[in-house]
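Trainee: The lines below spell out each chain.
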Amino acid sequence: MPERSAFPTPPAGLEGAHLVRSGCPAHNCGGRCLLHVWVRDGKILRIDADDRPGDEPSDPQLRACIRGRAYRYRQNHKDRLRYPMKRIGKRGEAKFTRISWEEAFGTMAERIVSVRDAYGPTSIFVPYGTGSYNLTNGRWTAERLLNLVGGSLGYYNSYSWACISAATPTVFGTNITGNQRQDWLNAKLILMWSWNPAEMRDGTNSEYFIRKARERGARVVCLDPRMTMSAVALADEWIPVRPGTDAALMSAMAYVMITEGLVDRAFIRSHCLGFDASQMPAGAESEESYEDYILGRRDGIPKTPGWAEPISAMPRATIARLAREYATIKPAVLYQGYGMQRRAYGEQAVRAGCVLAAITGNVGIPGGWAGGIALQAPDGGPRWEILPLGENPVTAKIPSFLWSEAVLRGRDMGPADGVVGADRLGTDIKLIWSVASNILINQHGNVNRSARILADESRVEFLAVQDNFMTPTARFADLLLPACTQFETWGVQDGWKYGEEVILAPKIVEPAFESKSDYAICAGIAAKLGVEPAYTEGRDERGWVEWAMDHYRKTRFPDMPTLDELEASNSGMYVRPVTEPAVAFADFRRDPQAHPLPTPSGKIEIFSKRLFDLKRPDEIPAVPKYIREWESPFGPEAAAFPLQVIGHHALSRVHSIHDNVPELLEAFPQRIFMNPLDADPRGITDGDPVRVWNDRGALILPVRLTSRVMPGVLAIPQGAWWTPDRAGTDRRGNVNVLTSERWTPYAFGNAQHTIMAQAAKAGKPGRRR
Amino acid sequence: MRQLGFFVDSAACSGCKACAMACRDRNNLPPGVRWRRVYEVGGGGWRREGEAWVPEIAVYNLSIACNHCEKPLCLDGCPARAIAKREDGIVVIDPAKCLGCRYCEWACPYGAPQFDEAAGVMTKCDLCAGLIERGGRPACVAACPMRALDFGEIEELRAKYGTTAEAHPLPKAEITEPALVIRPHRDAAKAKTAAALIKNREEV
Ligand code: SF4
Ligand code: SF4
Ligand code: SF4
Numbered sequence: 021m022p023e024r025s026a027f028p029t030p031p032a033g034l035e036g037a038h039l040v041r042s043g044c045p046a047h048n049c050g051g052r053c054l055l056h057v058w059v060r061d062g063k064i065l066r067i068d069a070d071d072r073p074g075d076e077p078s079d080p081q082l083r084a085c086i087r088g089r090a091y092r093y094r095q096n097h098k099d100r101l102r103y104p105m106k107r108i109g110k111r112g113e114a115k116f117t118r119i120s121w122e123e124a125f126g127t128m129a130e131r132i133v134s135v136r137d138a139y140g141p142t143s144i145f146v147p148y149g150t151g152s153y154n155l156t157n158g159r160w161t162a163e164r165l166l167n168l169v170g171g172s173l174g175y176y177n178s179y180s181w182a183c184i185s186a187a188t189p190t191v192f193g194t195n196i197t198g199n200q201r202q203d204w205l206n207a208k209l210i211l212m213w214s215w216n217p218a219e220m221r222d223g224t225n226s227e228y229f230i231r232k233a234r235e236r237g238a239r240v241v242c243l244d245p246r247m248t249m250s251a252v253a254l255a256d257e258w259i260p261v262r263p264g265t266d267a268a269l270m271s272a273m274a275y276v277m278i279t280e281g282l283v284d285r286a287f288i289r290s291h292c293l294g295f296d297a298s299q300m301p302a303g304a305e306s307e308e309s310y311e312d313y314i315l316g317r318r319d320g321i322p323k324t325p326g327w328a329e330p331i332s333a334m335p336r337a338t339i340a341r342l343a344r345e346y347a348t349i350k351p352a353v354l355y356q357g358y359g360m361q362r363r364a365y366g367e368q369a370v371r372a373g374c375v376l377a378a379i380t381g382n383v384g385i386p387g388g389w390a391g392g393i394a395l396q397a398p399d400g401g402p403r404w405e406i407l408p409l410g411e412n413p414v415t416a417k418i419p420s421f422l423w424s425e426a427v428l429r430g431r432d433m434g435p436a437d438g439v440v441g442a443d444r445l446g447t448d449i450k451l452i453w454s455v456a457s458n459i460l461i462n463q464h465g466n467v468n469r470s471a472r473i474l475a476d477e478s479r480v481e482f483l484a485v486q487d488n489f490m491t492p493t494a495r496f497a498d499l500l501l502p503a504c505t506q507f508e509t510w511g512v513q514d515g516w517k518y519g520e521e522v523i524l525a526p527k528i529v530e531p532a533f534e535s536k537s538d539y540a541i542c543a544g545i546a547a548k549l550g551v552e553p554a555y556t557e558g559r560d561e562r563g564w565v566e567w568a569m570d571h572y573r574k575t576r577f578p579d580m581p582t583l584d585e586l587e588a589s590n591s592g593m594y595v596r597p598v599t600e601p602a603v604a605f606a607d608f609r610r611d612p613q614a615h616p617l618p619t620p621s622g623k624i625e626i627f628s629k630r631l632f633d634l635k636r637p638d639e640i641p642a643v644p645k646y647i648r649e650w651e652s653p654f655g656p657e658a659a660a661f662p663l664q665v666i667g668h669h670a671l672s673r674v675h676s677i678h679d680n681v682p683e684l685l686e687a688f689p690q691r692i693f694m695n696p697l698d699a700d701p702r703g704i705t706d707g708d709p710v711r712v713w714n715d716r717g718a719l720i721l722p723v724r725l726t727s728r729v730m731p732g733v734l735a736i737p738q739g740a741w742w743t744p745d746r747a748g749t750d751r752r753g754n755v756n757v758l759t760s761e762r763w764t765p766y767a768f769g770n771a772q773h774t775i776m777a778q779a780a781k782a783g784k785p786g787r788r789r
Numbered sequence: 022m023r024q025l026g027f028f029v030d031s032a033a034c035s036g037c038k039a040c041a042m043a044c045r046d047r048n049n050l051p052p053g054v055r056w057r058r059v060y061e062v063g064g065g066g067w068r069r070e071g072e073a074w075v076p077e078i079a080v081y082n083l084s085i086a087c088n089h090c091e092k093p094l095c096l097d098g099c100p101a102r103a104i105a106k107r108e109d110g111i112v113v114i115d116p117a118k119c120l121g122c123r124y125c126e127w128a129c130p131y132g133a134p135q136f137d138e139a140a141g142v143m144t145k146c147d148l149c150a151g152l153i154e155r156g157g158r159p160a161c162v163a164a165c166p167m168r169a170l171d172f173g174e175i176e177e178l179r180a181k182y183g184t185t186a187e188a189h190p191l192p193k194a195e196i197t198e199p200a201l202v203i204r205p206h207r208d209a210a211k212a213k214t215a216a217a218l219i220k221n222r223e224e225v
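Taken in order, these protein sequences are the chains called R and W. Each residue of the first sequence is one higher than the last, beginning at 21 in the numbering used here. Each residue of the second sequence is one higher than the last, beginning at 22 in the numbering used here.
If we strip away everything but chain W, and leave its shape as in the complex, we get (with noise of 0.2 Å):
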């Protein structure tokens, strides 16, 4: 079966946004509808040195849309079986049979459906999958200035860009296996000594 994925690489990501405004322009999103989050990680302090100041902290982003699963607990979640993953892997909502019950919200540990007050239903990110069978490529993918994200079959990417598929605060990945590869930042190796957090909360 086939998998297709996301490649985020963190260590070079700025956290300009360029791929979530595609995003959300492309997808005509209602305002806080976020198919595609751009977190901020930040911890750490600071430590006086002479009369000097020295940063002890950890900042990196991870820019995080859905990563289609393949144990989608969005899917097993859904008492409509609204949730289908294709045979691409590309996991997608049928708005036509979404209760909007929001149970797909809380077993998906990403936070990727977003539910779309307006119409009622849950909503989130098909890989642009209407771009892709067109031999395009996802708006975000296409979009980012630093090229830091890139997408295909998941087996491609790992070869490509490593296994790694989790980066502190995001959840393990043997709960949901992402189709998702992260280039950690050098900042992740401390993330936990420095307590990060997400730090920009009300933009994700």
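Here chain R stands alone, though its shape is the one from the complex (with noise of 0.2 Å):
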């Protein structure tokens, strides 16, 4: 074994140099992994991974992907924001002139201040957005000063998860449906449905995991429009689904197991609710059922793999033989990933695979799997941002992605648009502070919309950002506040999604230049205020991680030690593993009785009556359904765009962070993935540069033929950041050109991959089609 000790010498090459063990700065990719960070002279210069001993799945190493083994040209690129800086050109020129901190901080303090007084304190907005993701870089750091004179405009739910943490509590009462992972190694059947986590990386060794349960005899089936990296590495088959047709499948698959008798009859009757007519909820026992629904009773159409055949286009075979295998093969996991839920209807895709789960009794068994969100059993898994935010003396939450109708008509929005916390908001957003976050322009849905909003200085007055890298958001700054990494303040983290480990992010090198942690930043603009003392309660950073330390210990981990003993002893991490996995819902499963669902009925609901008394069965239906999106190619717009564009995760980036990496881009350019059955008809071969576009943006980019995607959709990896030619169409591949700013009806949440568009080979670059 390699030589393991808290501070070994350095190899040949780092003469000099020392280890530091840290968390990967791991900006909400989905992981949270363990990095040997060789530091010399206050440089990074090489970066490997987690070594330690045993790796054994209860504890297994927490081995970095590409992103983490290639943070060292992030932290060290040319283009890190030097100084504080304040727009001298029009909103969105990106022409900026160098201040002090001190007239910044003066700025930013004088603009909230006025800007309360003239709107009141719900006119100003912190974003939602992951560029930090630790405890004193990140979004939080200006929550807490904000509530401290005043307060904001709250917000949530997010861009991830919208419609799953909204719909799994409609089936399950809560969104703690997890297993915890090592209970996937007791699975007999695997069905990864839209989910990828060799790619997007849905918590650190998650696909290894899975490679662990098929060695242990699992059948693993891969279910998705691309033949991801999870799809050729984990299954042991993969069958493409049509985009936005999840539900479609989930019924016709029900209606296999409900004609052949292959449901769980006794659990379906001591646990759940609403399947048949036998179990309607009071109030609404003359309803449509379940099973009316899919056998067609009252629309005349039962869901049966022919009909579901065109629509998903999988061939109705298998959808009989994918359902007969799901049936029979127990105990079976049906994992849900988050693609299928940034979509028109997502809510229907996560409540169908909920109920699939229900009807073959998989929920509350050893390697079973409930479905929906998972956070994982038995208490929800990390913490994540802990940093103590104060009260909030706006009550006001929007869901995150209405950011931009608040903006324009945030006056007359309530409940209908998913207001909670006050009956009208009373006024828009004249105040934006984006701290780490690239959600304002790049990420959002409908760039092009998104920047001429944002343009317009008349409506939101004051845009701060706050950010390490000239951004696209940033380019739209009033004022421009460099943030440091990661690596140059002080952090700490309890995972992600799920992990039993708490992962220091010690402060390895000096901030670049001028750059302040955003904690810092924030505190200079609190001294401003008066409110300092407040603010910090006399910690630093160091000071706040070591509160958080006393926090996990009180709420997580009884047995960590304290922030000396960690960083003593330079292991970077504390762990407590994971030999007998808690398994979400045991004890309602032995006993719904005495342990019922936090459900109005206590059961599973697979007919909701609190969705049916919303009286919106047409988008909103009370039992799970298969709901043709607002743009499809069965739709009359398939006539102009007859193209399914997704913008799936690439490990390129997380999200739109290290898209100015090029090693990593040189890894993996960013590209158009398209099907030769599609570019064929077009006249595209490989390597053309090839136009996208739709009603709202084009884009042009270099095509990747493959046959990994569908006939008929593209995939383009979402997160490249936006850069418009004169003629305004985006030249770095950014999906948000095409997508739309519409939400779905439910979960109010972000419909990004329901997007349609056409293609064609572009000109030459730098000139008109």
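A portion of the hints provided could be inaccurate.
[Unchecked claim] Here are the in silico distance ranges between beta carbons for each label pair:
#, chain 1, residue 1, chain 2, residue 2, range
1, R, Pro435, W, Ala216, 44 to 50 Å
2, W, Lys213, R, Arg636, 51 to 57 Å
3, W, Lys213, R, Asp75, 35 to 41 Å
4, R, Ala659, W, Glu187, 45 to 51 Å
5, R, Ala475, W, Lys213, 52 to 58 Å
6, R, Glu657, W, Lys213, 58 to 64 Å
7, R, Pro682, W, Ala210, 33 to 39 Å
8, R, Gly441, W, Ala210, 44 to 50 Å
9, W, Gly156, R, Gly441, 55 to 61 Å
10, R, Glu76, W, Ala210, 29 to 35 Å
11, R, Pro553, W, Ala140, 54 to 60 Å
12, R, Thr348, W, Arg123, 58 to 64 Å
13, R, Ala614, W, Ala210, 34 to 40 Å
If you are wondering where the hints come from, they were derived from the structure by calculation, not from laboratory data. Where is the CB? At the ideal position from N, CA and C, for every residue including glycine.
Starting from two chains that each stand alone, build the complex the way the hints lay out.
Mentor: Here you go:
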């Protein structure tokens, strides 16, 4: 085994360097890994990764992905923002001039006060964004400050999980629906449905656990429009599904199970509600049950495999086989990924998947899986963002995706627009403080629209951006505040969605140039606002990490060492191995009377009375249904825009982060991925520059022809930095020039994968077509 | 004589390139110099069945560095005698002797020798000799999130993982006798009928 000591001697070429073990500055990638950072003279020279002996499934090494491996190129990047700057050109022109921190703090404080006094604190907004994800870097530092000076408009949900986090509780009453991952090793069948852990890293080692499960005899099937990295490396079989039709496929599987007597009737009787006419909730006794819908008793359309075939593009025989496999190979996991719920009626696919798990009796058993968002049993897993924010005097919250609506018409927005905590916002958003976020321009639906809205200085009167680089969002700033990276301040994280570890992110090098931690920037503004003592409570960044360690010790990990001890050991992390993985709903399974679910009925709600009472059956049905999307190959829009476009996650970036790292783009160049069957009739050959467009925008990018994406679908990895040419055509491949700002009916979530477009060979770069 | 070599589990490789980046970072490789290359092999097409689409394709990944061959054609092809095979079987290039003539690049059927423009010399994987001499593992092997790579005495690797040393479209093993064991992906069997090619040329 390699030498493993707290402070190993540096290998050849690194003489004089020292090793610091640190959490990867993970930025909400989905993983949480341990890096070995070699430092000399204040500079990061090399990054290795976790090499702890053992590497058992109970406590596997947290091996970094390519982005963690390449982090030094981002850290030592020549384009780091160096000084505070203020805008001198028109908004969005990216013309800035250097100012002092003193002036920057003063401007920030003055604008917060003046906008608050003119429009009220509800007009101030810190948008969603996950560009920094440790304790003292990240948007929460700003929220904490604003809460001390009147508060700001809040938001709920996220761009990742809006539908799945809203829909899962409609079935189970909770989002804690996942077994600990080690339990996957007990499964006999695993359906990776729209789930791609090898590429999006849904928890460090998720892909490795699936490999282990397969070695122990599990059959693994991947359902996805793309033959993903996971489909290649983890699955016995890949079955393509047309995007946006998952709920149709799930309904047809239910049809096969019901008509062939494969559902678990006993479990349904004792644990579920609304499956058939015999178990409808009070007040809805004569309404359409799930079985009614599947068998077509009311609408006259039985949801047969033959019905689903032209919708999903999956052969009816395959659908029937899949249904039989899932209903009979027990225990089985149907893991629902997140791509299929960032869609028009994303709520339906989530609910339909949960229902399949219920009617096959896979809920609450080892090796099974309830479905939905699957936060980890027994207690939801990581605590995520734990910096105490204080109380927000503004109670109103908007869905995270509706910020652009709140800029345009916030004053009239109320519960019909997803506002909670208030009947009406009463004001538009007038000041945006974007911390560690590239949402505003790059990651929101319909970039061209976002850019128009933000360029109008009469709407958002002041826009501050705090970041490491001149991102597309930063180009729209009035005030630009250079944040340091997570290697340059103290931080800590307790896993991502899964994980039984606390990973330290010690300060390894000094902040580059004049950059500061998000926390230090906020503390500077706090001083101008006269609230510095209340903001810092006398702590520096390390002091807050110490506080956080105590917090984790009290809430999750009683055995965890202190910060001083952890630092002295240079181990970088504390971990609690998982030898007996928790199973969600095990109590409920055993005794549903004694351990009811937190749903209104205490049961698994296949029929949701709460959804029924919303009285919007066409968009929010009480039982999960397939609903044709508002942009689809089956609608009139397909005449002009016949291709579906999906913006999948790629390993070259974490969302939009790292798009300026050439080393990562060399490994995974940004390309349009297109099936040769779509390319041939368009005269497109491999490597051609291809223009993709719809009513909202256009991009030009080289194409990679591949049979790994199904015919009729273009895949363009999301997150590339918006780079319009003079004609407004994006030249870097930002899929959001094509996406829409329209939100989903129940979750108010982003539906950014629901888009249609056309494609053609482009002219020479630099010329208009 | 000893002979060290690599094992590549192509059946488990996702193509994530953590191995290649670990190599690049450890060896400070400049752009375009790729000591370890992850080839995406793919071929085949789609069939219409009723109103459905059915893929009939073969896809897999091959993560390949230098195979420290038992018949290293690179060495034979070097007019400056800059390439040597060490006692432990590792094939190394001496940059002081290398003329930069790139003959080895032509000779090697695996594309392992990589030209460093700035230095004007040929470079390639040395199996992280500096690391393994200290009891460590090559950077790529330690990096793989799928645990799909291994290294060691080739005879031990063969005893553990079998003797397959080729997979379409890699060259026939008899040409250089690579110190390499491959566990083929299930699709490798249909690669030839699917006319599979390297699909990510610009990345390797
Ligand atoms: S998965 Fe995330 S945490 Fe792990 S190395 Fe990659 S970017 Fe870092
Ligand atoms: S792989 Fe190529 S460079 Fe390496 S030893 Fe064999 S012939 Fe020489
Ligand atoms: S790190 Fe492992 S899984 Fe990833 S490309 Fe390399 S060999 Fe394949």
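Trainee: The structure should be examined with respect to each hint, and the outcome stated for every one.
Mentor: Now for the hints, and whether the structure bears them out:
At about 58 Å, the beta-carbon gap between R:Pro435 and W:Ala216 misses the expected band of 44 to 50 Å. In this structure the hint that W:Lys213 and R:Arg636 lie 51 to 57 Å apart at CB holds, the actual value being about 55 Å. Taking 35 to 41 Å as the suggested C-beta distance range, the pair W:Lys213 and R:Asp75 conforms, at roughly 36 Å. With their beta carbons about 50 Å apart, R:Ala659 and W:Glu187 fall inside the hinted range of 45 to 51 Å.
Taking 52 to 58 Å as the suggested C-beta distance range, the pair R:Ala475 and W:Lys213 conforms, at roughly 56 Å. Hint check: R:Glu657 to W:Lys213, Cβ distance near 42 Å, so the stated range 58 to 64 Å is violated. Roughly 38 Å separates the CB atoms of R:Pro682 and W:Ala210, a value that falls within the hinted 33 to 39 Å. For the hinted restraint 44 to 50 Å between R:Gly441 and W:Ala210, the CB-CB distance of approximately 60 Å leaves it violated.
A C-beta distance of roughly 59 Å is found between W:Gly156 and R:Gly441, which places it inside the suggested range of 55 to 61 Å. At about 33 Å, the CB distance of R:Glu76 to W:Ala210 agrees with the hint of 29 to 35 Å. At about 57 Å, the beta-carbon gap between R:Pro553 and W:Ala140 stays in the expected band of 54 to 60 Å. Roughly 60 Å separates the CB atoms of R:Thr348 and W:Arg123, a value that falls within the hinted 58 to 64 Å.
For R:Ala614 and W:Ala210, the Cβ-Cβ distance of about 54 Å falls outside the hinted range of 34 to 40 Å, so the restraint is violated.
Checked against the numbered hints above, the structure breaks hints 1, 6, 8, 13 and satisfies the rest.
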